Structures are given as C-alpha cells and as structure tokens.
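One line per chain: the protein sequences are S and E, in this order.
Counting with full-length UniProt numbering, you get residues 1 to 501 for the letters of the first sequence.
Counting with full-length UniProt numbering, you get residues 1 to 694 for the letters of the second sequence.
Treat the hints with care, as some may be off.
[Unchecked claim] Straight-line alpha carbon distances no greater than 30 Å define the calculated DSSO-like cross-link-like pairs of lysine-lysine that follow:
no., chain 1, residue 1, chain 2, residue 2
1, S, K250, E, K191
2, E, K252, E, K271
3, S, K165, E, K194
4, E, K74, E, K227
5, E, K227, E, K241
6, S, K290, E, K191
7, S, K290, E, K271
8, E, K185, S, K290
9, E, K74, S, K436
10, S, K290, E, K183
11, S, K146, E, K71
Hints listed in this document are in silico derivations from the structure and should not be mistaken for laboratory results.
Remember, predicted model here, so these are calculated numbers, not experimental data.
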Amino acid sequence: MQEPLGTLALSALNRSSVSTQDKSSTVAQASGTAAQPPRPSNTPPPSKPKGWNSRAGVSRMRRIIAEDPEWSLAIVPPLTELCIQHIVKNFQNNPILKELLPEHKQKVLDLLSPDLPLAVTANLIHDESYWRRCCTQRWPVCHVAKHGGSWKHMFFERHLENLLKHFIPNTTDPAVILDLLPLCRNYVRRLSVDQFLPPVKLRPPPRSGDPSDSGSEAELEEPATDHYQLGDLVAGLSHLEELDLVYGVKDCGMNFEWNLFLFTYSDCHSLAATIKACHTLKIFRLTRSKVDDDKARILIRSLLDHPALEELDLSHNLIGDRGARASAKLLNHSHLRVLNLANNRVRAPGAQSLAYALAHNTNLISLNLRLNCIEDEGGQALAHALQTNRCLTTLHLGGNELSEPTATLLSQVLAINTTLTSINLSCNHIGLDGGKQLLEGMSDNRTLLEFDLRLSDVAQESEYLIGQAVSANREAARWQTSNPSHFMLAVSAKDSENSAG
Amino acid sequence: MNPPGSLGILEDKEKERLSTPILGPSILSDNPYERIQARRLRIAARLEARRREALGEYLDGKKESEEDQSKSFKQKEESRLKLAKLLLCGTELVTNIQVAADIREIHRRVEEEEIKRQRLEKLENEVKTSQDKFDQITVRWEEGKQKRIPQDLWDMLNTQKAHCAGLIEDKNKLISELQQELKTKDDQYVKDLKKQSDDICVLLERMEEQVKNVMKSFRQELNYIEKAFEMERQDLLTSNKKTWEQALQAHKTKELEYLLNRIKKVEDYEKQLNKQREWDCEEYNKIKIKLEQDVQILEQQLQQMKATYQLNQEKLEYNVQVLKKRDEESTVIKSQQKRKINRLHDILNNLRSKYAKQIRQFQEENQSLTSDYKHLVTQFKELQKAIRHFAFIDDKRFREIWLMNEEEAKDLINRAFDVDRIIHTQHLGLPWTAPDFWFLRNVGPISQQPQRSATQILEEVLLQTEEEGTEEAASEAESYLDLPKQISMKTTRKILMLLCDESGFLIESKLLSLLRPLERSECYLLKLDAIFSEQTSLTLALDSGEQADLKRQKEGSLVEGEPEEKAPPSPTLIHPNEVLKILEAFVMGLKKPRDSPTPVRLVKYLRDNSKDSAYWEALATVIPPATLNLWDALYTALEKYHVVLTQRAKLLMENKALEQQNTELQMLLQQYLDSKINSELHVPPTQVLRVPTK
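If we strip away everything but chain E, and leave its shape as in the complex, we get:
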C-alpha cells in the first residue's frame, strides 16, 4: 500500500488526514466520491513514486551515457528534477484540497438542483392536490347551499370542516417539512462551515509541512550538490596535480637536456676562445713591435719638436714681452683715445646741438629769406616794371635833355659864331665865313632803332597778357608787331601756344626735361624761344639767296601746318580766315629784323655812347684853336683896355659918390636947422653956426 520513500509516506499520512474529515462528517451520498478521491490520490502517489523510480533509472542511464558530463552537473540536474517533482507534488497536494472542495461544490450544486427540482415538483403536486381538494370543497359549498335540511347541512359542514382541516394539515405538514429541511440545511451550513475551516486547517498544515519538507529537501540537495562539487573539485585537484607533476617532470627532463647542450656548447666556445686567444697573442706581439718602432720614431720627432718648441717658446716669450709693452702703450693710447673720444663726443654733441640749432636757424632764415626772396621777386618785378617805365621815361628825358643841350650848344655855337663873326668883322675887320659841320645839322641823340627778335616780342606779348590779362594794351604791342588790327592779343597768344604745343619736334628733349618744373608761361616762352631760335639758326645758316625761298617754304609749311592743327575744329579759338593773316603778319614781322645783318640778340635799351663824346667833342671844338689864339690875344688887349676903362669908371664913380655925399650932408643940415628944437633952445645952434643956407 505505502509506496517507498519518505515523501510518499508523508503524502499518505496527509491523505488519510484529509480523508478522515471528508469521510467523517459528510452526508452518506458524498462518501463514495470522497473515498474514490482518496483512493485515486493514493494511486496517483504510487504512480508518481513509480515514475520517480523510472526517472531515476532513466537518469542513471543518462549518467552512463553522458559520462563526460561532470558529476556536479549531474548532481545539479538530479536535485533539480527531484526538487521540481517535490514542488509539483506539493502544489498538487495543496491544490487537491481546492479541487476536492470544487467537486464537492459541484456535487452539492447538482444535488441542490435535484432537490430543488423535487421540491418544486412536490410543491406543484401539493398545489394541484390542494387545489383539487379546495375545488371539491368549493363545489361542496354549492351543494351545501342547496341543502335545506339542517342535519344534512351540519353533516356537510362537518365533512367540509374535516376536509378543510385535512387541507390545512397537508399545508402545515408541507410547511413543517420545509422547515425541517431548512433546519437540516442550517445544520449542514454549519457543518459545511466547520468542514471548510477544517479544510483550511488542513491546507495550512499541508502548506507548512510542504514548506518544511521543501526546505529540508532543498537543504539536503544543496548539501548533495555541495558534496558533488567538492568531489569534483577534489577530482579536478588530483587530476590537475597529476598533470602538473607530469608537466614538471617533462620540464625537468627538458632542463637536463638543455643543460647538457649548454655544457657542450660551452666547451666548444672555450676551445674557440683559446684558439682566438693564441692568434690574438701573435697578432698582438707583431703589432707591439711595430708600434714600438713607431714610438721610437715618434720620440725622435718629439725631441725635434721639443727643440723647435723651445725655440718657439723663447721667441714667443720675447714676442709676449714686446706685446705686453705694446699693450701697455696701447692701453695708454687707448685711454688717451678714450678721453679724446669723450671729448670729441662732447664736441660732437655740442656740434650736433649747434647743428640742430643752426638747422633750425637756417630753416627759419631760409623761410624768412624765401619770403624775402618772394617779396624781392615781386619787388623785382615791380622794379622791372618801374625800370621799364623809368627807362622809357629816361629815354624820353634823355632825348629831351639831349635836345635841350644840343639846342643850348647850338645856341652857344651860334653865339660863338656870332661873336667870332663880330670879332672878325668889327674888331678885326676880316671877312668871316660860317663853318659847316655835319653835327650841326644833327638834331636828337645819335642812335639806331634797335632790332627786336621774335622772342622778345613774344615775351612781351606773353608777359603782357599774363600781367594785364584782358587789358587791351594792343597799341603798344601793335607798335612792335605790325599785326593786323583785327587780330587781338588773345588770338595771337593762342596761336603761339598751339605752335608751341605742336611743333615740339623742334625742341630738344633735354630742354623739355628741363622745362618740366617751370611755370606754364615760362615753359611756353622758352619753348617758343627754342623753336624760333631753331628756325633762325636754320635760316641764318643758309645763303641769303636761298633765304627767300626757304622762308617761303617755311611759311608754306607753317601755313600748311596751321590748317592741319585746326582740323580738330575749335571754333572758339581762331577763325580759319584769320589764321593766314596772323601768320603772315607774324612772319613778316620776323622777316624785317632778319634782313638786318646785326644779330638779333641785343639788350633792349643799350645805347652806344661812343659817338656821343665825339659828337659833343666836335660840338665843343667847333671853334678852331687859331681863332682861339686870336681871341686870347684880343682878350689880353681888350683886358688892358678894360682896365683903363675900369679905372676911369672908378674915378667917375668916386666923383659921383662924393657929389652925392655932399648933397646928402646939405640936406641933413637943412633938416636940423629947420627943426623946432632950435627955437626952444637958448642958444640955437643956428645962431652958433652959420649954416650956409643955401
């Protein structure tokens, strides 16, 4: 009956415990089910035990088959299976109660339904029968109403009463039955409650036991597993130790082999070393001898070197001393130089400061001087202007003075001539012929009209235009330049500028570079100067015969050039009709001076004084020396005559004066005598004096 194994026993016990409360108080009809359940549980447990055995066997087989798997793993698997089974069984055991309760409930429900149905049927039957009875009774009531005989009625009433009582009794019975049933139900409810509480108790017990069991078995299994692990570890340790030892052994043998090999090798190496050593020794000896020889030679050389060294040393010492002295000297000199340098530095500084000062000063001076210069330039310009002015005036004055003097001189000459004539005619009684000289006919200063170059004219024009601007000073210019009157100064200037710009090919390149920094007007001026000088030089170089042709050519070229230049039409500049005229006039103006052989370049107002003195000399010596001698002799004779005359005159004069004195004194006396005072006086002078009154 009892399956082997503690678990099975436990389960069995529990089953019995479970079955007793189920079997005990339950209703008789329930019993077989409970019993069946109990039996079934027992069978299940047995089967489980068997299965466990089978599994164990299976596991054994597995063990054999899987030898390679470790012991611990096997143990683990085993334990796991065991524990899983245990848990499963435990839960089954615990849930068995629930299942049992469920099936009890189901049975109860089925029964309840059955009973309910029966009860309902019963009640319905009862209702039917009672209804039948009631109907009978009601029918009887109808019958009773028809009954007239009281006895019958009473009987009937009695029977009716009995019937009613029967009906009521039936009902009462039913009620009591139902009440009985209710009571039994109540009892059963109480019993059920008790059973349920018992169930719960059992459940708790089982759970507790289960917990205990599971704990115990878990612990046991843990121990087993631990043991298995321990064993495995041991095994592993031993096997590892074995392998370790083997490895050690192998290592040892290998070590030995290595050692032997090494010893052999060492011996070999020793032999080789010895050989090497001998060879090296021989080599060494050879080298030694050779080196010793070398050493000797070197020693000799060393001696020689030493000697030279000695020599050199002495020389050098001497040199050193010399140098030391020189050094001293040089130090002295150096100090001197230093001092000098210092001094010079001071001087330099001073000079620098001075220099700076002077620079400043000079700058200032420069500035002042430049300003002065500018001032002076303006002054100079003004002065020039003034000079020009004054020159003009001087010229005029000179001319006037000249004329005046000349007139005077001529007067004097005329007078001299007159005197001479008078002398000749009256005093000497000689015929006089008037001398005839060239200079007597001359009137005005002796001078040539100065030839003026084109450049001068240009300069003048430019300066004029520059200075005077729009002032129409054409009259003067025109006086120099015989330009047609309809051409104004401006147009001329423009033409000249154009000429300057276009005929740049005539100017030398050097000049151009020099001209660049100059002012515009000056630049133009110089350019034009260069151009015209070039032209003149060209013309002068040629024969006079060819000149006219050339000039014409030039004119042509110039005239030809003009329209070309005019081709870019600038109508405001010069009317094309006028161009020809202008140039013609210009060239004609230029041609005139060119005819004269004198060179063009002359100072403007420089006069030739050479002839003046001669002229004036001639004027002075218009009376020849013979006449002068004559005159001198005449003069002396006349002077003598004059002296006589003068003495006579003087005497005459004295005479006259005395006469006058006499008259005056007479007058005075008269006056005094006539005066009143004479009358007043006691003694009038008149009385005293006998003034001859007339």
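So that you can see chain S by itself, here it is in the shape it has in the complex:
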C-alpha cells in the first residue's frame, strides 16, 4: 500500500515541479515522507520553501497527497460558483432566481434548502425537483400520482391538510391557515381531511405534541361544539376540485367519546354553504361522519344545480330513505356522474325513488348502494329503471337482501341493456333459480365485463358459466378497443367459444 502511494506522491511532486534546482533533494525527502503515515489534513501548498531540514517542513512540502479525495487542482472556484453559493446563502432575504441563466438557476435550485419559508418559495419556485425534495423530506411515503403528478401541488395540499387536521377551534389561530391561503391558492386542487378536531375548553392540548394525543386528550366537559369552518379557506382556493372530508377523530384509542364524532347542524350548514359557493368543485366526499337524513338533505339541497359537481360520496353514514330521495332529486338537478351511498340505511322506498330518478337520467355512470337494505322491492324498481336507462355502467348492489324476483328482472335487463359493464350482486340471496335466470340473461349480453355473484347462493355451475360469458365479453371489448376492424371476427370467435362452453 505504501509503495504505490509514495510513487504517486513522487510523480505528483515531479509534475508540480516545486523548484528545479533542488529536485533531487525533494525527491529524497518525498521518498522519506512516503514512508510516514499520510496526514489526514490537507496540507497547505508550500508557498515558501522553508524548513527544509525538519520533517514537518518536508511534510508541508508535499503539494499533493494522493489519498485526499477533497483535493483538486482547481483551488479557486469560479466567480459564478461563488455567486451562486452566495445567492443560495441569502435566498431567504434576497431571492434571485428568475434573472439567472437556466443552468445557474438549476444549480441554485439544487442547492436550496427545503426549509426555506413558504412565503419566499411558494410563488417563486416552480421547479418540481425542489418540491420533490421538500416532500420527501417531510413525508416518507409520497404518492405524487394522487396529486395530479405535481410535487408542488402535493406539497401544498398535504401541508394544508396537515394544518387542517391539527386545527383546534378556539385555540389555534385561524390566521395560521388563512396566511397560507395566498401562497397555496393556485396549487391546491384536492383537499382530503380525515379528521377534524373538536374545540377544547379547559385544557388546551400541547401544540407541539402528537396530534392524536391532543385529540385524545380533549376530554370534553361540555358536548362537542362545531368544528373548523371551511368556508373562508375554500372560497380562497380558486382551483379546488376535490373535497374529501371525515368529521371524526383518528386514533382516539381508549379515550373514546361519542362527542368526538359529532357532525353538528351548524357544521352541516356551514359545509353546505361552502360547497355551494365553490363552483369548481367536482368531487365531494363526506364519509364516516354520521350524516343522517336531515343533514344529508341540507347538504344535497345546497348541491342542487351545482355547475361542476360530478361525484358525490356519502358512504358509511346514516342516510335513510329521505336522504336517498333527496339524492334521487339531485340526480336530475345536476351533472352528477358518480353517486356512492354505500353502507347507509337506505331501504326499499329510498331505492324506489332512486330508481325513478334513474329511469330518465342521462348523466349517472356509477351507482353504489352496497350494504344497504333495499330488498326485492327496491331491487325490482331499480331493474325496471335500468330497462330504460342508457347511461349507467356500474351498479353495486352487494349486501342488499336481494333474492330471486330481482334476479329474474335483472336477467331481462341484461338481455336488453347495452351500457352496463359492471354489476355486483354479492352477498345476496339470489338462490339457484335466480342464478339460472341470470345465466340466461347473460347469454344474450355482449357488454357486461364484470359480474360479481360471490356468496349469493348461486349454483357453482351457473356462476362459472356467467364468469365465462363475462370473460368472453372482456376479450371482445379488448379486441374492439385494440383494433375495431377485427371486432366482427372476435364476435364470431366468442360465439364459437360460447357454443363450446
């Protein structure tokens, strides 16, 4: 190890040519020093040839230590480099970015620290890599695809969500959020808040502490009052398209209180006003928030004739028939494309009203009524509606106590309808005969791509055959999308397959 080092140093010395008159002596000294363990520090370049005799002087003589990775011949960095470093150092006080050349700009962005205040960076930096660093520094898991593929959007959306999650009414200063508004108004498209903390009266939870703890420590003397009012914030966000809210507390553990999960009337009213005022809103989700009939009606009334709304998700609530009726009214007074009422308390009358609305609707694509109890009456009404409907593609009726009569009607629908691509009838009591009838209906259908009949008391054979037909349909659809000219061929092939099946 020592030998090559020594030779290296020697050659380097020769190259650097300290002084030609006493080269031989330096070589000798260098060979002597090479035997020594290499100094870890970077030796200063010997500007003055002093101390020839002492060993320290000799070591100082060495211009290059081969094993020093920091060393480079370019001792003085270029002025641009210095300027860039200075800009980076003083970026907080004097942000210079737009005036720079593209290459220098990139350098500055690479060197900027992610801890800079948002007021400086928010509207100045559009470089994705910088925001990517910010995101990855703050959160270990980042799904940028969820935020429209933009790291900047993701940063601001998640930042805002964090603030909202930890906002405690009457304790936290609302300016914390409203100050951020001018910075993030252009970059927030979706807002998904899965907890709203209730106000705390007696002991304000420590701000720095774990948010879950603070939420759990909020043992309320009085019944929980209202949560944070979104009105001001949403009004300021001009590009907001998606709103995903859960009025509840996460990770409460043993500190469970019913009060923590109250969605009060004033909350409901303010939320209704908020979503009514937000004309860019496309997707609105309010799940797991104990929304009952009245509150659902308040919300839906505010959504009537909304210009942009396309998806409404009120799953995992307490909506009954009246709420279902209201949403049925909404279907024909908006451009709603997706309606999700899963895990609610909709029964036959609600389903009937929905079916009535569905019969003439031309917007709705997807309807989810999972885990309700619409029973055969509601199921039959929906099946009748589907005979005239030409728009719905996805229908989820899992877990609805449906049985044979609905199945017979649905089999008729399957023979006629050409728009439905996905039906879910799992967890019902279709029965063997119902299964056979569905199979019959399925034999005439060419469009259905998914048909879920799991745990619905259907005979294995019919379920299998239905599966075959669905997969054949899927093949045909694939053929059609890949090359429409071969569609006919695929159809004939499928026919032959059916006959074989």
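For this one, chain S is given, so just place chain E on it according to the hints.
For chain E alone, coordinates are given in the frame of chain S:
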C-alpha cells in the same frame, strides 16, 4: 381436493388461512356460513382451474387453427390471458375478504335486528307482567286500607313486600341480563375488532403475496414472450437466410447467363470491328492517295504563293519604309499642328473671352443704343413735330420774307424806274415809257397749292387722334378735309377703322403678314393706305370717261357696304344718318385731288425753286443793258463833273475852316487877355504884346 397448479395451491392455502380465523373465533351460528363460504371458494378455485384448462385447450385449438399467426403473438396472447386471469383471481381473492366481511355484517345486522326485536318483545312482556304485578300490588293497597286488623295488615304488608321484592328482583334480573348482554356485546366488539385486524392482516398478506405472484408470473411470462420472440427471430433469420441464399443462387445463375451472352456479343462485335477496320483501311488508302495529290498541288500553289509573298514582302517593306518616313514627317507635322492647335486654342480662348466680353459690351451698347434709339425716336418725333412746326413757320416766314424782298425789289425797281425816268426826262430829255413785265404784277411766292392724298389725310387724322387724343384739333383737319362740321374726328376715325377691318379683301395677304408685328395705329394706317392705293390704282387705270361712273359705283358700293357693316348695330359708334354724309364728304375730298393730273404722291412741303431764280433774275434785269450802258456813260460824265464839284467843295471847305480858325484864335487871345492873372503879373503880357483887341 387440491386443483393442479401452483396458483391453485396458493389460493387454497390462503383460503385455509382465511377460513381458520373466520371459523375459529366466530359465534357458533356463524360457522356454517363461513364454512359454506370456504367451500364455495374452494369450488370456485377448482372451477377456475378447470376453466383455465379448457381455455388452454381452446387456445391450443386456436393455435392449430391459426397456424399462420406468429409464435410470439400466440405467446403474447397466452401470457396476456394467463396474467389477466391471474389478476382477476388475485383481485377476487383480495375482495373475497371484503365480501366475507360484508356478508358477516349483513348477518350481524339481521341477527342484531332479531335480537333487538326479541329484546324489545321481552322488555314489553316484562313491562306488561310487571305492570300487572304492580297493578295487583296497588289493588292490594286498596284492600289493605280496608283491613282493620293489624295482623292481617301485617300479613298483607308482608305479602306486599314480597311481591314488591319479586317485582324488583324481576327488574334486577332483567337489568343484569341486559348488562350481561352488554358485556357479551363488548366482548364481541373486542373480538370483532380483533377479527377485523386479523382480516386486514390477511388482506395485507394476500396483497403482498399477490404482488409477489404477479411479479413472478409477469417476469416468467416476459421470459416466455422473450423466448418466443427469440425463437421467432431465429426462425425468421433462418428463413430469411434461406431466401437470401436462394436469391443469391438465382443471382449467380443469372450472372453466368449474362456473362455468356456478353462473351458472345463481344465476339460478334470483334468480328464486326475487324470488318470495319479492313474497310476503313482501304478507304484510308484511297483518301491518302487523293490527299497526297492534293498536297502536291497545294505545295505548288504554296511555292507560287511564296514567290508572290516574297514580292509582296519587298514591296511592302519599301512601303513600310516610305510610310515610316511619312510617319516621321507626319509626327513632325503633327507636333507642329499640335503646337498650332494649342496656339489656336489659346487664341480661340482669348477670342472667346473677347467675344464674350464684346457680346456683353455690345449688349450693353445695344441696350444703351436702344435706349438712345428710343430716346432718339421720341426726339425725332418731337423733332418732326418741331419740323412741322418750323416748316409751317418757315413757310410763313418765307412767304413774309418773300413778300418783303419782293416789296423791296419792287421798290428798288420803282426807284430804278424813277431814276431812269428822271434820267431820261431830266438829264437826257428823252421820253420815258414804263416797262411792263408779268413778274411785276406778281405778289407772293411762286407756288402751287400741293395736292394731298387720302392717305396723308388719314395719317394726319390718325396721328392727330393718337397724339392729341381728345383735343379738338378739328379746325386744321377740317381745313384739309372738307368734312361736315357735325362729324367729329372720332367718328371719322371709327369709320376708317371699320373700313380697314371690313375691306381686308383688298389688302394683299403678304402685307397682312408683314403688318402683324406692327403697332395698331401703324397697322391701320398701312392697311388703309393699301386699300386706298388699291382703289386709286384701280381708278387711275380706267378711262377718264368712265371714272365718274366708277366712282359713283364705288361710292354706291361703299355706301351700300356701310349699312351692312352697321347691321350689327352699335349705336354708340356712328349714327346711321351721318354715315352717308361722312362718306360723301370723304369721297368728295378724295375726288378733288384725283381730278388733278399730277400724281398724288408728293413731299408735303417741297417747293419748286426753279422759277424763283428766273423770277428774281427777271426782277434783277428789269433794266435793260442799253440803259445801263447809257447809265455808265452818264455816270462817267457825271463823275467828272462830280470831281470838279468836289474840288470846289473842298476848297470851300478849306476856306471855311480857315475862317473858323481865325475866329477861334481871336477868341482865345481875347480870353487870355481878359484873365486876372495879367494884372497880377509884373509884366503883363498884354503890355508886351499888343494884342489887337478888336
């Protein structure tokens, strides 16, 4: 039981794993459902396996039927189907948990409802029974009030107490039951939570496994596809190589054919070439001989040409020398000429400058001269005027002088006559008769009244009008023109102008062109002159006999012409009544001079002097020479007489003078003697002198 294939095994394992937590902790009533579900899943898996087999077979059949499709495509399709199935199965497997949870929830709900209903019924029954009991107790209280006997009352109270205790116990039992139920519910909640967490664990496991499986199978399929592609590529390569080789072979054979053809062709061409060559050779020889002959002839010609050339050369050399000399000469001359040209140029320049100078000078001079000329013209005009004036005056004076001289001469003649008469009568004593001559009767200058032409009159008129304008100098004009007095100068002028304008046909065209640049008045003048001269020439050419007629005719024509001209009425010009008069007067005025035979053109005041000398001569020689001789002789005699007389007179004169002298001297002496000084003197001269005093 286990369907063939690793996937099936995996699924089975998972199912078992799934079923165990479901089966294990669940309530007894749940068990059959779970079991049913598990069984169903197993059956579904088996069916799927079977279906897969069937599909595989089907795919095989497809393979056979679609031999033409490529291996890779088949492999791709196969893999795709496989993977789609795998994904479907995987999602089904994963969603199975959700479905299971759903159905559990539904069952729970149904049960819950049932239990709730039972509980409610129970509670209602209990309420009813307890109410009955309470009613009994209250009824007993009424009975108890009627009881008077304490023992009875006590008994009753006891029974009442027992009843109440029974009631309370019932209630308590109910409460405890409900509490028990609550506890079991709590337990179940905990269990449910645990189960759910287990479910989630299973879900996660399955998902992970699924991911792994899918990755593995995707990789495998990718490998298969790659292999298939490789194979296909290999096949393609080999087939292409084969076709390539075949093509190469075909190419080779074709090449050979071409080569042979080419060789044949080359031979043919060679033969043809040889033939051509021979033919060409013969041709060449023929041409060569011919050309050689030509060459000889040409050489001869060349010699001749050379000779002539020599000759010409010499001639030309001589010429050249001559020309050289000439050239030298010409150069000399040229230089001379050049010098000359230079000189001439100088001269020319000088002359030019001089010329320019002179032009300038002459222009100046011209200007001055024109001004002078103008000046002179005016002067001349003035002079003319003066001349006219002076002429008039001279004429007058001439006349006066003439008259005077004539008078004098006549006086002298008369005196001479008187003298002659006296001489004749007194000295000679002869009778004297007075001579009678024509010229003695003449008084004034001998002259004719000059005849004036119309033009002159016109000129005068025009000039007058021009110069004097409105001045009424009619008297003079009228003296010349015997115009009626009522016609003014202006009208006359106007008439003349009209005449000039209208009777342009009489003027020659040449004259018109000449007249154009002249002034207006002059123009008119000349025109009128021409017109009238034309008229006069016409008239003069005719016989005197016919003159009157012609004149009359002319008058007529003129008079006729006038009204015509007047037809465009211009009332301010001339009154139509006057026109006739004017013209009449005019023509009459013209007629007068025309009567005289003398030509009209005469200088205005040119007099005929020829007769004057004769006249004066005659006047001078009024006394004939005989008388003169007489007179001479008389003169000499008289002179002699005169001399005598003069001598006598002289003597008389002397005498007289002497007498006078004498008297004067006497006077002087007297004077001196009388003076005072004589008295003063010592010796008075008087004393000395004895002056004879008288």
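Does E:K227 pair with E:K241 here, judged by a C-alpha cut-off of 30 Å? 20 Å, holds
30 Å Cα cutoff - pair E:K74, E:K227: Holds - the C-alpha atoms of E:K227 and E:K74 are around 12 Å apart, at most 30 Å.
Taking 30 Å as the top limit, are the C-alpha atoms of S:K146 and E:K71 close enough? 40 Å, violated
Proposed proximity, S:K290 with E:K185 (alpha carbon, max 30 Å): 22 Å, holds
Compare the distance between the alpha carbons of S:K290 and E:K191 with 30 Å, and conclude whether the hinted pair is satisfied. 24 Å, holds
Proposed proximity, E:K271 with E:K252 (alpha carbon, max 30 Å): 29 Å, holds
30 Å Cα cutoff - pair S:K165, E:K194: This hinted pair holds, its Cα atoms lying about 27 Å apart.
Is it true that the CA of S:K290 sits at most 30 Å from the CA of E:K183? The given pair, whose Cα atoms are some 25 Å apart, holds under the 30 Å limit.
Check whether the Cα positions of E:K74 and S:K436 lie no farther apart than 30 Å. 35 Å, violated
Taking only the CA atoms, is the gap from S:K250 to E:K191 under or equal to 30 Å? The hint holds at about 20 Å.
Keeping to a limit of 30 Å between CA atoms, is the pair of S:K290 and E:K271 held or broken? 114 Å, violated
The earlier numbered hints that this structure contradicts are 7, 9 and 11.
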